[in-house]
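Listed in order, the protein sequences are those of chains W and Z. Here my numbering = 1-based position in the first sequence + 11. Here my numbering = 1-based position in the second sequence + 83.
Bear in mind the hints are in silico, worked out from the structure with no lab data behind them. Quick reminder that beta carbons are idealized off the backbone N, C-alpha and C, glycines included. Please note that the accuracy of each hint is not assured.
Unchecked claim - DSBU-like mimics (lysine-lysine), calculated; alpha carbons at most 30 Å apart, straight line:
| no. | chain 1 | residue 1 | chain 2 | residue 2 |
| --- | --- | --- | --- | --- |
| 1 | Z | K216 | W | K153 |
| 2 | Z | K216 | W | K63 |
| 3 | Z | K145 | Z | K216 |
What the hints assert, rightly or not - Covered stretches of chain Z (in silico footprint by chain W; criterion: 3 or more residues with CB under 8 Å from a CB of chain W, positions within the stretch not fixed):
| no. | stretch |
| --- | --- |
| 4 | 171 to 180 |
| 5 | 187 to 199 |
| 6 | 206 to 212 |
| 7 | 218 to 224 |
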Amino acid sequence: MPDLIKKNKRFIFIALGLLLFLPPLSAIPQTAGEVNMCGAVCPRMFFIIPAKGIWSGFANSISSAWFGVGLVSAILAVTVFFGRLWCSHLCPIGGAAEVVSKGLPEKLKIDFSFMNAPAFRYGYFFIYIAGAVIGIGSIACKLCNFRVLPFLIGSPFVPAYQTYLLTTMGIAGLFTAGLTGFFARGGRAYCNLLCPVGALDSLANYFGAKLGFTKRMRTDISRCSGCGRCVDSCMVWAIKIDENQKAKRGYASCMSCRECEKACPEGAISYGKN
Amino acid sequence: MNRKILSLALFVSAGIAIGALFANFRVPDYRHASVMLKGGVNPKPINIASYNGSQVIALSLKNLQHAKDIEVRMEGAVIQSWYPAVIRMPFREWMEVDGGKFRGVEFGKRLPLYLKINGRSGCKDLEIIDSAKGSVIQTVHFMRGGADAGPH
Chain W
12 MPDLIKKNKR
22 FIFIALGLLL
32 FLPPLSAIPQ
42 TAGEVNMCGA
52 VCPRMFFIIP
62 AKGIWSGFAN
72 SISSAWFGVG
82 LVSAILAVTV
92 FFGRLWCSHL
102 CPIGGAAEVV
112 SKGLPEKLKI
122 DFSFMNAPAF
132 RYGYFFIYIA
142 GAVIGIGSIA
152 CKLCNFRVLP
162 FLIGSPFVPA
172 YQTYLLTTMG
182 IAGLFTAGLT
192 GFFARGGRAY
202 CNLLCPVGAL
212 DSLANYFGAK
222 LGFTKRMRTD
232 ISRCSGCGRC
242 VDSCMVWAIK
252 IDENQKAKRG
262 YASCMSCREC
272 EKACPEGAIS
282 YGKN
Chain Z
84 MNRKILSLAL
94 FVSAGIAIGA
104 LFANFRVPDY
114 RHASVMLKGG
124 VNPKPINIAS
134 YNGSQVIALS
144 LKNLQHAKDI
154 EVRMEGAVIQ
164 SWYPAVIRMP
174 FREWMEVDGG
184 KFRGVEFGKR
194 LPLYLKINGR
204 SGCKDLEIID
214 SAKGSVIQTV
224 HFMRGGADAG
234 PH
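Modelling step: build the complete structure from the supplied sequences, incorporating the hints.
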């Protein structure tokens, strides 16, 4: 039994994240007077550059989404020192997509691993944060998984969620969540390509990895046989086999989920300090 | 090296293109708007699409006055909110919600409302009422014709 728990530790944390953050319980949002991941809990709107009155706009966004600001600050601080534990272990949004994806047949899934994820992510992120101020328009809540997935899970209990999901905007959101989550290989394409919190977290992970004392997934190159099992197990296509037939990890995408550690037959991958 | 740069340029452009596509994504049956609820202040009219089907207006209403009991009325519209919580945690006192009637709304609290309206019946007014006094706090006017349409 303890072995089973150890093996599925990450999924136990994901289940806890789903239970604590999403309807019907929404225990953590309720501490901030909310019932879902919107409003004061929204973790993704406060860093959008406002079109008018930049400083007053930022102040307004930060006071409106005060809990989300605290949450993202805590996530980034943890990431710098320990890797992306929020994204891989607790995020109810990425976690829900991953769990559903695991239950669907592999042949139905889309493989996004041909994409250069960091390049796409920061192209998209640029428009996400600066679209309004440069006159392209704001993405903000559009096609937001932090809205669509809690609403989907809460819809049997709350008629207002059904109302939203049955609009064209809601259906487009469900389609995005389906395409980049449920029907994506690994279930984490939304996290890796479109999530603005994931984009900030990836930056913190990348720069944190450069500090010698921080904990990250590490590969002992001398033990790597280049078999590629870690590449197949990675849900955010962060590992590649390089020209020397050794696994090479990209910290701009790695989520510290430890799936590669489980998959490695040589025991070359571990989580820890350099 | 050249291949790396090409891949970088290609995918950064793809990210920007998808971002621009999402930013410009608009639908006729859903509109989001915010209103600051403050007595004596007339909010700007909200433009909605000139669309024949039913529409949903997601209205974020921020209570900037001390009225705790607020009623929202709109003729022919179904008014919904996602408050209160399905399972109420014991550490928080929740407002009571019954259709468009809210009791115990704190100062500064944002009320998320969904207004389901029939697209065919002209302009609409949303009345926001202080239920304790029975007086109108604000009237929000909706105008058909989309975001680019002028008043009519």
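Against the 30 Å threshold, does the CA-CA distance of Z:K145 and Z:K216 hold or violate the hint?
holds (19 Å)
Coverage of the stretch 218 to 224 of chain Z by chain W, judged on three or more residues with CB within 8 Å
Result for this restraint: violated, n = 0.
Taking only the CA atoms, is the gap from Z:K216 to W:K63 under or equal to 30 Å?
Cα-Cα ~37 Å, so violated.
Straight-line Cα separation of Z:K216 and W:K153 no greater than 30 Å?
Measuring from Cα to Cα gives roughly 38 Å; hence the hint is violated.
Has the stretch 171 to 180 of chain Z got at least three residues whose CB is nearer than 8 Å to a CB belonging to chain W?
Since three or more residues must qualify, the claim that chain W covers the stretch 171 to 180 of chain Z holds, with 4 doing so at under 8 Å.
Quick check: the stretch 206 to 212 of chain Z, covered by chain W? Criterion 3+ residues, Cβ under 8 Å.
violated (count 0)
Do three or more residues of the stretch 187 to 199 of chain Z come closer than 8 Å to chain W, measuring C-beta to C-beta?
Our answer is that it holds, as 6 residues pass the Cβ test (under 8 Å) against chain W, meeting three.
In this structure, the earlier hints numbered 1, 2, 6 and 7 are contradicted, and the remaining ones agree with it.
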